[in-house]
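The listed protein sequences derive, respectively, from chains A and B.
The first sequence maps to residues 1 to 393 in the numbering used here.
The second sequence maps to residues 1 to 717 in the numbering used here.
Computed footprint of chain A on chain B, listed as stretches where at least three residues anywhere in the stretch have a Cβ under 8 Å from a Cβ of chain A:
1) 31-40
2) 127-138
3) 174-184
4) 201-211
It is worth saying that the hints were derived from the structure and are not from the lab.
Note that CB positions come from ideal geometry on N, CA and C, so glycine has one too.
So the chains spell out like this:
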Amino acid sequence: MEKEWIHPKTITGDAATAERYLRREYINEEFWREVQKGNHILFVAPRRVGKTSLMKDLVINCPEGYVCVYEDIEGVKTRNGFYQRIFELILRCAHRSKFQEAKVFIKRCTEKYSIKEISTSGIKIDENKIDYEREIRELIPQLKDAKVHAVIFLDEFAEVIYKFKGDQQQDAVDILHTLREIRHDDHFSHFTIVYAGSIGLESVIKNIDRPKLINDLHPIKLGALTDEEAADLVKKVTRGTSIRLSAPVLIYLKRKVGYFLPYYLQLMIESIDELAFKIGKPKVTVEMVDEAFQRILGERKNFDDWLERLKSYQRDHFPFINEILKHAAHEGNIPIQAVYDKAKKYDRTEDYMDFIDELIRDGYLTECNPHVYRFIAPFLKEFWKQKYPIYEK
Amino acid sequence: MKNEGLGFDRFNYYQSANAQADAIKENFLVRKYEYSVILEDLLRHPGKGSVQHYLILGSRGSGKSTLLRRIQVEIDTNKKLLLNYIALNMAEEQANIYRLFDLLEEIVKELESQGYDITWPSSSNAETYSEELLSVIHEALDSVEKKLVLLLDNIDRVFENLGEDAAVLRAHLQNFGDIKIIGGSTRMTEHFWAYDQPFYEFFRVLQLEPLDREEVRSLLSNWGEKLNTPLLKEFIEKRPGQLETVRILTDGLPRTLQFFVNILLTQEPQTGYDYVQQIMDKVTPLYQERLSHLPPAQRKIVLQLAFCWESVGAGELAKAARMENRVVSAQLNQLIDKGVVDKIQTSTKNHLYRLSERFFNLWLIFTQGSPREKRRAKYLAIFLENFYDADELIERAKQHLELLKGKSIGSDKAALLTKAYSQVSCIPSRLRDDLIDRTRELSDIDFALKNELPPKITEIIGEVKKLVGREEWVKAEALIQSIEQNDGTKEYFMSAIASERKETSKVKELLLSALAKGLKIASCPIAKIYYYYEEYELSEKYAKIGFDSEVPGCTGILACSLYRNNKNKERALSLLKQALIENPNDKESLMMLPVLQAWNGAFKEMEEALEVLIKMHDYPPLRVSIDLLVHRQTTFVSELYKPSKLKGTTDDEVFIAKLIVDALLSEGLSKKTPQVFDAIVEKMRLYIYQRQEFYYGSQGATTYLNKKAPSERAAKR
Ligand SMILES: Nc1ncnc2c1ncn2[C@@H]1O[C@H](COP(=O)(O)OP(=O)(O)OP(=O)(O)O)[C@@H](O)[C@H]1O
Ligand SMILES: [Mg+2]
Numbered sequence: 001m002e003k004e005w006i007h008p009k010t011i012t013g014d015a016a017t018a019e020r021y022l023r024r025e026y027i028n029e030e031f032w033r034e035v036q037k038g039n040h041i042l043f044v045a046p047r048r049v050g051k052t053s054l055m056k057d058l059v060i061n062c063p064e065g066y067v068c069v070y071e072d073i074e075g076v077k078t079r080n081g082f083y084q085r086i087f088e089l090i091l092r093c094a095h096r097s098k099f100q101e102a103k104v105f106i107k108r109c110t111e112k113y114s115i116k117e118i119s120t121s122g123i124k125i126d127e128n129k130i131d132y133e134r135e136i137r138e139l140i141p142q143l144k145d146a147k148v149h150a151v152i153f154l155d156e157f158a159e160v161i162y163k164f165k166g167d168q169q170q171d172a173v174d175i176l177h178t179l180r181e182i183r184h185d186d187h188f189s190h191f192t193i194v195y196a197g198s199i200g201l202e203s204v205i206k207n208i209d210r211p212k213l214i215n216d217l218h219p220i221k222l223g224a225l226t227d228e229e230a231a232d233l234v235k236k237v238t239r240g241t242s243i244r245l246s247a248p249v250l251i252y253l254k255r256k257v258g259y260f261l262p263y264y265l266q267l268m269i270e271s272i273d274e275l276a277f278k279i280g281k282p283k284v285t286v287e288m289v290d291e292a293f294q295r296i297l298g299e300r301k302n303f304d305d306w307l308e309r310l311k312s313y314q315r316d317h318f319p320f321i322n323e324i325l326k327h328a329a330h331e332g333n334i335p336i337q338a339v340y341d342k343a344k345k346y347d348r349t350e351d352y353m354d355f356i357d358e359l360i361r362d363g364y365l366t367e368c369n370p371h372v373y374r375f376i377a378p379f380l381k382e383f384w385k386q387k388y389p390i391y392e393k
Numbered sequence: 001m002k003n004e005g006l007g008f009d010r011f012n013y014y015q016s017a018n019a020q021a022d023a024i025k026e027n028f029l030v031r032k033y034e035y036s037v038i039l040e041d042l043l044r045h046p047g048k049g050s051v052q053h054y055l056i057l058g059s060r061g062s063g064k065s066t067l068l069r070r071i072q073v074e075i076d077t078n079k080k081l082l083l084n085y086i087a088l089n090m091a092e093e094q095a096n097i098y099r100l101f102d103l104l105e106e107i108v109k110e111l112e113s114q115g116y117d118i119t120w121p122s123s124s125n126a127e128t129y130s131e132e133l134l135s136v137i138h139e140a141l142d143s144v145e146k147k148l149v150l151l152l153d154n155i156d157r158v159f160e161n162l163g164e165d166a167a168v169l170r171a172h173l174q175n176f177g178d179i180k181i182i183g184g185s186t187r188m189t190e191h192f193w194a195y196d197q198p199f200y201e202f203f204r205v206l207q208l209e210p211l212d213r214e215e216v217r218s219l220l221s222n223w224g225e226k227l228n229t230p231l232l233k234e235f236i237e238k239r240p241g242q243l244e245t246v247r248i249l250t251d252g253l254p255r256t257l258q259f260f261v262n263i264l265l266t267q268e269p270q271t272g273y274d275y276v277q278q279i280m281d282k283v284t285p286l287y288q289e290r291l292s293h294l295p296p297a298q299r300k301i302v303l304q305l306a307f308c309w310e311s312v313g314a315g316e317l318a319k320a321a322r323m324e325n326r327v328v329s330a331q332l333n334q335l336i337d338k339g340v341v342d343k344i345q346t347s348t349k350n351h352l353y354r355l356s357e358r359f360f361n362l363w364l365i366f367t368q369g370s371p372r373e374k375r376r377a378k379y380l381a382i383f384l385e386n387f388y389d390a391d392e393l394i395e396r397a398k399q400h401l402e403l404l405k406g407k408s409i410g411s412d413k414a415a416l417l418t419k420a421y422s423q424v425s426c427i428p429s430r431l432r433d434d435l436i437d438r439t440r441e442l443s444d445i446d447f448a449l450k451n452e453l454p455p456k457i458t459e460i461i462g463e464v465k466k467l468v469g470r471e472e473w474v475k476a477e478a479l480i481q482s483i484e485q486n487d488g489t490k491e492y493f494m495s496a497i498a499s500e501r502k503e504t505s506k507v508k509e510l511l512l513s514a515l516a517k518g519l520k521i522a523s524c525p526i527a528k529i530y531y532y533y534e535e536y537e538l539s540e541k542y543a544k545i546g547f548d549s550e551v552p553g554c555t556g557i558l559a560c561s562l563y564r565n566n567k568n569k570e571r572a573l574s575l576l577k578q579a580l581i582e583n584p585n586d587k588e589s590l591m592m593l594p595v596l597q598a599w600n601g602a603f604k605e606m607e608e609a610l611e612v613l614i615k616m617h618d619y620p621p622l623r624v625s626i627d628l629l630v631h632r633q634t635t636f637v638s639e640l641y642k643p644s645k646l647k648g649t650t651d652d653e654v655f656i657a658k659l660i661v662d663a664l665l666s667e668g669l670s671k672k673t674p675q676v677f678d679a680i681v682e683k684m685r686l687y688i689y690q691r692q693e694f695y696y697g698s699q700g701a702t703t704y705l706n707k708k709a710p711s712e713r714a715a716k717r
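Full structure from sequences and hints, please.
In structure tokens, the structure reads:
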């Protein structure tokens, strides 16, 4: 029996791609519509929501007329390093194009920069004294003639900017300036950058106090799956595998998870599979769903740390913040009205939104509907509920 | 158990990564879920696309390295996998891997030694070195279109020193998708769970749980087969209970289990102490290693926890370890992460903590404790109790007693064992007291040791009696409660107090539960209580239980109960006589003797017995006369009350008895008997008739009732 067991086709961690990815066509459509309009895109979503997955899917299913590259740039540590990445990405885009014009463009570059090799995985240049910022300003306008519209997906962009602190802060501002300039120069029309990162870029910029630097980006929000999509995902990962979820059990599972981020649905499926495997029963029951949920809750012992962290760095405001979280845990979500009401009680009507922003930035809450907030992770929510079982409205 | 001289040491305890491939496949029996998940994933997704990374979490010795090694062996020997993957096992012993580039260098070296064309990065710029090494790796992999499966034991060690490089590493993983990390770790560091860390929720966590019963069984029986040891098989089949104990003591950890097996097969079980001592010696390398892996502060806490044995709060622990609360809490969390400590949630916000592996805890006490701590025999008791079943334990305690009698055991060891056994609840109180007595008598025992011996039950009871005498009930009860034995002794003496306090129903309850726990002497008072309440079937039952286990005082009550139930005349009489031999002055037996004799038709003896009674009491008690009347000794009884025999007694009781007997003997009511006695006389008459009906099947009672109240009965109709 063990030999015949087929585990679900989940992926938890790395971005979901290909047959493990659940596409939401309407997001792809919105994306290309905006790119076509000439907009540069900003993806905003908390961690583990699926930004990388989405971007990789967009790259692979790139429409005619565009060349896309994806790059996680979180390893970038310097300003020049950043421009070097952009430089390489541009060349990689052009390298991928089938057009003769692009080939000519590449040839020219190879000579100019004494490039040893361009491959899908990278570029080798002997020369190391290139001023990349200057060079990309040169390169991008040539893309039009090279018949390459490059769409460059910069994953973890916000993190990189965020890490430019102190001495490096000016570098961050410069980069943002340059990028903005590029967006607004007609010479650069064959060049689109897609920005992503889990630290809301807005809040990073807020610290730098230059909101203008990004207010022209077109934000695309990535939220939870709809009821149907959630069901589709579960079916997708369990199809042809051992565990069997009947329709009522599936409904129960969805109710248990509450908020349909693909990651948490998949965690649940994994936990259910483990349980089913160990007791040797492929037919999933609601009790097993409960047990699987409970196991995740118990195994990831670190929820206590989430609480402790909050207590320590928000020591003075913890009671207020906890009121918000308790409300969200018990009621499923908390609308801004309720937040304000609590703010009044705690005399924080001036800055209550700062706390919400922080809770969002730190991965506790997410804005599920305009001005309605809820726990991102169903397990953290449940933990909070168990930790604070008593809640009076 | 015979020493089979089998080299169980053939198991290479520490370096499972070096064992032979086939052996690894064959011996891989548990952790099947984790293995099948990973293997299926490898087979299913050889090409581009999402890469699932794994973090295998488990305590030391839970099977992480074995699992990693098993995966490697599979990749190395499975053609399909070999086509798509290169497996590199950065095994445990590679202790020099601390920073990312240490690791990457190792990987590149390994690839080079496998024949890959490697160009080592020229620059030694620390900033970019890691990235350059990564590029070398990507190229090598690209050249063969394979993915690297990086089996990384103690991954936490690498992660701990990653720092900024974490982002670099993740970026490469996400950008290239050609490296799959399968890490093993004892703990979940914040790299994996903190929201602001690159690897937040990036690994699929596979938690190696304690083996369940089935897994333990399959592991052991496989070992039994492999090493061809019927002993092990026999152990599994015949001692399922102990199997579970072994599982609990080893916390279901495969490695500790191996040690256990080793011990089971090669040791002649001796006295409990030697046995435990030997087991402890055997596991020392295993546990020593575990202990030495802990930083000093944690080691201190672990030791304190060990000495507490039971779970304790962080505050208490801090006090015992003389450390700050805050520090202790932080360290405890790390220890929980490592799987060394269990947190026990309570309803309050103060959690309790204890060492997860009980056996490790025992070992700590045995090897690390001060003499005083070691002498706290509680631990040994717990061990023994867990390891043996009750019968075996009693057997072992008896052996210990023999050793004590023969004085062939050192006082140190003897005292410890005696203490342990006296805390084992299934050791009977008697045996316990004997052990203590004998230990005290040892010639070389010093004062301190002697003092540490627990008081005997008899001494406790003596104390209790004093307290009862002073009506200090609470203290008396508390003292009784301090008895560890769970053999009913406690309940028995509690019942005595209850009886002293006239809480009758409680008395019965306590006695019954004492008996249920195996304290046979409780049967005697139970029988008496039932006898008193005229529930003779029950009194017979309990008297029989007591009699069969030779509880003194049961013979008489059994005889009387038999009589009351009209059963087995001869036996009843002979029992009663026996009772009088055992206890010649037992009043009840003395009084019942003539009655039973009458019932048996032994009239001569009856008269003699009555003579004795009269001598004792001046006069036969009314009860006896009545019972004799049941057996139709009218004449004999009436003669007893002849004026000549009254000898002018002035005793009111005798006088009243005479009046009643007179009344009973005359048909109808005696004129001489005052009216006030009418009710009593009638009651007794009815009693006599009823008993006669019972013993002789006569219709006396029915007739009597019919005669007496025809009008009442008519009215009822
Ligand atoms: N569309 C999807 N279909 C299936 N699974 C998905 C999808 N989107 C996200 N997931 C799940 O979420 C996990 C994280 O996805 P992804 O890496 O894309 O998130 P992210 O937003 O980039 O996270 P981070 O901010 O940590 O980089 C995946 O491993 C997968 O389990
Ligand atoms: Mg991402």
